[in-house]
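Asks: In case you want the letters, here they are:
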Amino acid sequence: MSRQDHIREFAAAALAEGRVDYFIGWTTGFNSSEVIPAFVKDPAEVDRLLWNPLCHHNLVTFLKRNMPDPPDAKIGVCVKGCDSRTLVALLQEELVDKSRLYVVGVPCDGIVDRRRLEKEFSDEMVDIAFPEKGKVVVTTRSGVQREFDQQAVLLDVCTRCRYPNPVYADDTAGPAVPEPGREETEPDWGDLADYEALSDDEKQALLEKVYSTCVRCFACINVCPVCVCWDRCVNRSRQPELVSQKVEPKSNLLFQMVHMFHVAGRCPSCGACDRACPVEIPLYLLHRKMNKELYDMFGFEPGTKLGEKPVFQVFDLADRFGD
Amino acid sequence: MATKFLAQEQLPALLEALAQGARVVTPVKSDGVVQFELWSPGTEVELDVLLAKQSPKEWVFPQCETYLRFDYTMAPPAEGAEGEAALPHETVHLRTTNEAPRQVIFGLRPCDARGFVQMDQVFGGYGGFYFDPLYNARREATTLFAVTCREPRSTCFCTAVGGCPAGQEGVDALFTEIDGGFLVEVLTAKGEAALAGVATAGGAGIAAPTGVTAGAVTGGALLDATEAQVAQAAEVKMAASAKVEPPFTLEGIRDNLHDNFADSRWHDLCMRCISCGTCTYVCPNCYCFNINDALVETKGERYRTWDNCFNPQYTEETSGHNPRAHKANRFRNRFSHKFWYYPDKYDSLLCSGCGRCIMHCPTRIDIREVLRVMGTPVAATAEGKEA
Amino acid sequence: MADVVNNEASAGKDRPVKIIGIVCNWCSYAGADTAGVGRYKQPANVRLIRVPCTGRIDPLFALKAFEKGADGVLISGCHPGDCHYSEGNYYARRKFELAERMIHHLGIPKERFKWTWVSASEGQRWQQVVTEFVAAVEKLGPREGRAL
Amino acid sequence: MTETASGDVQGKSRLTFADVVPDAGIPRAGKLSGNPYLPEVATVVQIIQETPAIKTFRVRFDDPEVQRNFSFRPGQVGQLGVFGVGEATFAITSRPSEKEFIQFSVMRAGEVTKAIHNLSEGDKVGVRAPMGRGFPVEEWKGKKILYVMGGIGSAALKATIEYTLEHRADYAGISILYGATAPQNFTYQYDIVEWQKRDDIDLRLTIDRECDGWQCDVGLVPAVLERMAPSPENTIAITCGPPIMIKFALLSFKKLGFTPEQTYTTLEKRMKCGIGICGRCNVGPKYVCVDGPVFSLAELNELPDEL
Numbered sequence: 001m002s003r004q005d006h007i008r009e010f011a012a013a014a015l016a017e018g019r020v021d022y023f024i025g026w027t028t029g030f031n032s033s034e035v036i037p038a039f040v041k042d043p044a045e046v047d048r049l050l051w052n053p054l055c056h057h058n059l060v061t062f063l064k065r066n067m068p069d070p071p072d073a074k075i076g077v078c079v080k081g082c083d084s085r086t087l088v089a090l091l092q093e094e095l096v097d098k099s100r101l102y103v104v105g106v107p108c109d110g111i112v113d114r115r116r117l118e119k120e121f122s123d124e125m126v127d128i129a130f131p132e133k134g135k136v137v138v139t140t141r142s143g144v145q146r147e148f149d150q151q152a153v154l155l156d157v158c159t160r161c162r163y164p165n166p167v168y169a170d171d172t173a174g175p176a177v178p179e180p181g182r183e184e185t186e187p188d189w190g191d192l193a194d195y196e197a198l199s200d201d202e203k204q205a206l207l208e209k210v211y212s213t214c215v216r217c218f219a220c221i222n223v224c225p226v227c228v229c230w231d232r233c234v235n236r237s238r239q240p241e242l243v244s245q246k247v248e249p250k251s252n253l254l255f256q257m258v259h260m261f262h263v264a265g266r267c268p269s270c271g272a273c274d275r276a277c278p279v280e281i282p283l284y285l286l287h288r289k290m291n292k293e294l295y296d297m298f299g300f301e302p303g304t305k306l307g308e309k310p311v312f313q314v315f316d317l318a319d320r321f322g323d
Numbered sequence: 001m002a003t004k005f006l007a008q009e010q011l012p013a014l015l016e017a018l019a020q021g022a023r024v025v026t027p028v029k030s031d032g033v034v035q036f037e038l039w040s041p042g043t044e045v046e047l048d049v050l051l052a053k054q055s056p057k058e059w060v061f062p063q064c065e066t067y068l069r070f071d072y073t074m075a076p077p078a079e080g081a082e083g084e085a086a087l088p089h090e091t092v093h094l095r096t097t098n099e100a101p102r103q104v105i106f107g108l109r110p111c112d113a114r115g116f117v118q119m120d121q122v123f124g125g126y127g128g129f130y131f132d133p134l135y136n137a138r139r140e141a142t143t144l145f146a147v148t149c150r151e152p153r154s155t156c157f158c159t160a161v162g163g164c165p166a167g168q169e170g171v172d173a174l175f176t177e178i179d180g181g182f183l184v185e186v187l188t189a190k191g192e193a194a195l196a197g198v199a200t201a202g203g204a205g206i207a208a209p210t211g212v213t214a215g216a217v218t219g220g221a222l223l224d225a226t227e228a229q230v231a232q233a234a235e236v237k238m239a240a241s242a243k244v245e246p247p248f249t250l251e252g253i254r255d256n257l258h259d260n261f262a263d264s265r266w267h268d269l270c271m272r273c274i275s276c277g278t279c280t281y282v283c284p285n286c287y288c289f290n291i292n293d294a295l296v297e298t299k300g301e302r303y304r305t306w307d308n309c310f311n312p313q314y315t316e317e318t319s320g321h322n323p324r325a326h327k328a329n330r331f332r333n334r335f336s337h338k339f340w341y342y343p344d345k346y347d348s349l350l351c352s353g354c355g356r357c358i359m360h361c362p363t364r365i366d367i368r369e370v371l372r373v374m375g376t377p378v379a380a381t382a383e384g385k386e387a
Numbered sequence: 001m002a003d004v005v006n007n008e009a010s011a012g013k014d015r016p017v018k019i020i021g022i023v024c025n026w027c028s029y030a031g032a033d034t035a036g037v038g039r040y041k042q043p044a045n046v047r048l049i050r051v052p053c054t055g056r057i058d059p060l061f062a063l064k065a066f067e068k069g070a071d072g073v074l075i076s077g078c079h080p081g082d083c084h085y086s087e088g089n090y091y092a093r094r095k096f097e098l099a100e101r102m103i104h105h106l107g108i109p110k111e112r113f114k115w116t117w118v119s120a121s122e123g124q125r126w127q128q129v130v131t132e133f134v135a136a137v138e139k140l141g142p143r144e145g146r147a148l
Numbered sequence: 001m002t003e004t005a006s007g008d009v010q011g012k013s014r015l016t017f018a019d020v021v022p023d024a025g026i027p028r029a030g031k032l033s034g035n036p037y038l039p040e041v042a043t044v045v046q047i048i049q050e051t052p053a054i055k056t057f058r059v060r061f062d063d064p065e066v067q068r069n070f071s072f073r074p075g076q077v078g079q080l081g082v083f084g085v086g087e088a089t090f091a092i093t094s095r096p097s098e099k100e101f102i103q104f105s106v107m108r109a110g111e112v113t114k115a116i117h118n119l120s121e122g123d124k125v126g127v128r129a130p131m132g133r134g135f136p137v138e139e140w141k142g143k144k145i146l147y148v149m150g151g152i153g154s155a156a157l158k159a160t161i162e163y164t165l166e167h168r169a170d171y172a173g174i175s176i177l178y179g180a181t182a183p184q185n186f187t188y189q190y191d192i193v194e195w196q197k198r199d200d201i202d203l204r205l206t207i208d209r210e211c212d213g214w215q216c217d218v219g220l221v222p223a224v225l226e227r228m229a230p231s232p233e234n235t236i237a238i239t240c241g242p243p244i245m246i247k248f249a250l251l252s253f254k255k256l257g258f259t260p261e262q263t264y265t266t267l268e269k270r271m272k273c274g275i276g277i278c279g280r281c282n283v284g285p286k287y288v289c290v291d292g293p294v295f296s297l298a299e300l301n302e303l304p305d306e307l
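Residue numbers (this note's numbering), protein chains in the order written: chain A, 1 to 323; chain B, 1 to 387; chain C, 1 to 148; chain D, 1 to 307.
If we strip away everything but chain A, and leave its shape as in the complex, we get (with noise of 0.2 Å):
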């Protein structure tokens, strides 16, 4: 029984039996090679629920502050590793009520970067499909057609991902896949390497040129499933006017410190932010980079333990941090 029958199956039961008001998924976009997110509220329509390595969304962002449509309702959603990692982040502080949640964790194999497939062709992809483990075929309306290997398109927070089996679910949908060793293994910043060698100059040329095209529009931080202050984000205060609401790169670049610092200790880097961003800055150099550093601070991993505070909320006496 393959993983999207399991997610069926159990959105079908908690609808028909009124554990939940909706149940949110993902489902088939405007053509086969795109992915939405899908909110399903009768149980005869769960067949539009699918999973397959498209399925990028991180549904948790569903879950937060004003989403849920009404307030008061009892949701079901589906949450992949990453995803369920966000999802404690939030339980740890008590941001989402648990008793109104039914969590369905979906153990993943990677998630394919739909936005490098794209480059590969100037025409427009209109299919991709997955014939058999590991394989990713591309259609363009055009009729052309090209083969991926599955591992070589991923997202590249897949390829150094820890936890590919949900943290916290009530069901999880299919068999577990194989955990690389966390004790025994670090975890891999690679991605950040070529940016960490670059000149203290350079960096601040690369990060204005790539913050001269933000628009803020606010997408990164809306996607965010552990940015909650929603509608009172001090990005758009006056006052105080923390950041000025004049579109430059110095702004945009504060404005991207405030989200991240908002949620150090609480993003476990899921890359929502990246994939929602219309310019494609690099988010990553900000939020894999403080991942990093609180990983070589305290060995922390955000949104793994459920009982555990974040690392910012709490403090140790034996903490040895400067002079």
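Keep in mind that the hints were calculated from the coordinates and are not lab data.
There is no bait here: all hints are sound.
As a list, the in silico EDC-like pairs of lysine to aspartate or glutamate whose alpha-carbon atoms are at most 16 Å apart:
1) K243(B) <-> D123(A)
2) K99(D) <-> E162(D)
3) K119(A) <-> D31(B)
4) K110(C) <-> D323(A)
Far from chain B, by Cβ distances over 12 Å, these chain D residues were calculated:
5) Q46
6) T56
7) V193
8) E194
9) G213
10) K255
11) S296
Just so it is clear, the structure is predicted and the values come from calculations on it, not from any experiment.
A virtual CB, placed ideally from N, CA and C, is assigned to each residue, including glycine.
Following the hints, complete the assembly by docking chains B, C and D onto the known chain A.
Replies: Okay, now just chains B, C and D, sitting in the frame of chain A:
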């Protein structure tokens, strides 16, 4: 107007000639991302990818624009006044700033050009209201050279809103890619003026292309087009239009949106919307903006920046009341503004069907589907398909 | 973009460096006071911002200072264990450690951001901290920050 | 309006202001010429503390030419701004015939109003006025006018009251019902005293709760309105005040038989440009800053319900 032919390899020369008198802006691809950038000799113009990430709106209606600077000179406190009175200003000197350099935007698509036409109505005082000197100065100084779409995407629906892949609305000269180069249809006086400078001056380094038999050589890059070339261009246009499937009808859309205003399906349609604002900032038509002040001691400026109706504080009143507090209201306002409010005032649609809002929405909210569900009469709609 | 208002004043190569000091009210501010009362000579480039406790200091204050054109940011508070609010600096030192690493990650040289502990009685130590820090920042000169 | 999909704007000649907007005779700031975003510098000549939260500012344009030619229609608004803080929209509350200054009454509420309240006489402000569509006072000639206002709502109707009093003979009758939370919260008390002396005005003041030394009415404005039970015959009713009061006052008017065409109110929306471009003050297709802020109930009923 004139119909010319430009050989493919002459394009850089043409752009260089244009760059003598104006700044040239073209779509440029840098590490996979196509955006409209300032062109300089040697940069490769990206015409294969159909649509740049953002429309060229930013070059005529900048995202952040300072339009007023002011300097206070402090008046000395009046004799006998103890302590510093609250900011007694003797004079405040205002300076309006508005740079409007001459520019040519090459390589935009007819839907982008149409976006400017819709904004012209708002900023140009068409509704009989106010004339925006900032936008109009730049708009007058801008010449739009559009390129016909050859490979419309499945998200394109320009034909459904009255446009077409070879639309001429707002376009000063339309380039259509044919064998060996471009058919250039000069449509407006402004287009002719910009190209005249090229044809007659011969442009530095523009040599008549060798080996091109048809048509008399006019000593510049632009040759007279032959019937064969014109016919081929027409074929390209027909083929492109055929590739665009109109997803919804405009018939009665305004009244249906009016009747469906309080319909509960707005909530279902916007369940996956994260109320960010990406769709409005990549859209060639959206023009809403905010005005802010900045002050450092006695020097200050007043600037306007893009804003959008998805910003929760867009309609938040000082009393704290917010008529569009819930994202479903904001979501409804965006589509109603484009297909009902704007047409009520300016008698055309605030949407040119480019599909960028579908391509760049983080959860792919599809404007066509929203209008199929909400643009049809209340009674006749099939059960709203769950998004 | 046209010349930015808030950076007009900070342009120019030879102007003295401007340093923002964020100090906690009970220890370091008092320490700075002791240094002042004790006539300890120290450079005048530092503008102090007083906060109740280092626990109140948000790393974004330092970033905001850099964005507004500061050439260096010095944060100082009570030694761990002396905090008037008993645990403010325990929380703070974790935040400053991450802030320091992230600030350097943004391409701001190490020498421009320093955080340390100075108690109320250590006027001498405050003078030494300030003098060393200002010298280090002056070696780098006014900051022509581009991204931040 | 047939659905012309293509909306071929190319051929449309540049419309002039006059031939599109029906009440085109209204003076408007920066109309079709000059820069409508550029405020006129003005000086604060007098500040009157009306109530603990409301101050009235009398400002005079620095440019005598502008001051002399300034005219506005009762009910129009203006943008009063402090350079470096921002601008906000306020009703113009001076008499339309007043040539020496323009007057705005400002309640301290947000950032801009706080900055305005910090101003002192002699300070410079930016004014962009007049804006919006005023009340159609010419059409009301020969009718009775009923003003129902509460709190800061008096500012929106003050200019209109002054106009109708100056042309008292043109109107069959004027009655004013003005409510406030407490006696000291009445604005324009210096004018109210004058109004009480006149016998050709029916003036009723009310406060929410009983308070010693208070002889006039007690009770919420809608309740007192229903006690007054004015006849709707040949009468124009105008109401303005806190949103909750407007809501119930409109219900009372309906109960008393007032038709939507003869009932008017003003809308308070978030406004920025004030000239119908920035897009944020819309209620359905109408922009409050140019199509309003004055609306008849008939017009409001046509708009979608998103107040």
